[in-house]
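Undergrad: Sequence:
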Amino acid sequence: MQPPHVCNISDLVLGVVYHESGAEPYEGQVAVAQTIYESSRATGLSPEEIVTAKNAYADPKPIDQVSDSIRQACHQVFCEHKGISEQPIRYFYSTAGGFYSQWHETSPNLEYVTTIGAHKFYKLKGDV
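The sequence shown begins at 1 in this note's numbering and counts up one residue at a time.
Keep in mind the hints are simulated off the structure, nothing from the lab. For every residue, glycine included, the Cβ atom is placed at its ideal position computed from N, Cα and C. One or more hints might be untrue.
[As the list claims (entries may be wrong)] Straight-line Cα separation of at most 27 Å, BS3-like style, residue types lysine-lysine; simulated pairs:
hint: 1; residue 1: K54; residue 2: K125
hint: 2; residue 1: K82; residue 2: K125
hint: 3; residue 1: K82; residue 2: K61
hint: 4; residue 1: K82; residue 2: K120
hint: 5; residue 1: K120; residue 2: K61
[Unchecked claim] Cβ pair distances, simulated, as ranges:
hint: 6; residue 1: D68; residue 2: N109; range: 30 to 38 Å
hint: 7; residue 1: N8; residue 2: G98; range: 33 to 41 Å
hint: 8; residue 1: Y26; residue 2: D64; range: 19 to 27 Å
hint: 9; residue 1: Y93; residue 2: P62; range: 17 to 25 Å
hint: 10; residue 1: P108; residue 2: H75; range: 34 to 42 Å
hint: 11; residue 1: L45; residue 2: C7; range: 17 to 25 Å
hint: 12; residue 1: G126; residue 2: L45; range: 17 to 25 Å
hint: 13; residue 1: A96; residue 2: V128; range: 26 to 34 Å
hint: 14; residue 1: G97; residue 2: V128; range: 29 to 37 Å
hint: 15; residue 1: H75; residue 2: L124; range: 23 to 31 Å
hint: 16; residue 1: E86; residue 2: D59; range: 27 to 35 Å
hint: 17; residue 1: S67; residue 2: C7; range: 15 to 23 Å
hint: 18; residue 1: T115; residue 2: H75; range: 18 to 26 Å
hint: 19; residue 1: A96; residue 2: N8; range: 24 to 32 Å
Whole structure, please, built from the sequences with the hints as guidance.
TA: Following this line, the structure appears as structure tokens:
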């Protein structure tokens, strides 16, 4: 019998996913984690490098604040490789408070995929 798969998700990534989606439904938490995962796969950068890129993600919340649902969402994406969308979503923004991101909405390189809670998710045009 094979030993169980062990998957380590850094406190940094957990803290960022929590800051970005802690108030969102579980599906939104999974989708935010999926953007990090998909970006990591596409670029060859580590998830930690993705979340610390300039102007990419919010700063991480302390690990002791991270909820069980965030931990489960990250486990589902990073360990089980199961996202919320079959599309390779790599970008999102929050519409909370009526915020509108002209960059996301008008970029000729992005294609809208879905809205979950207060987040709108996009993929790069041509990504399958």
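Undergrad: Which hints, by number, does the structure contradict?
TA: none
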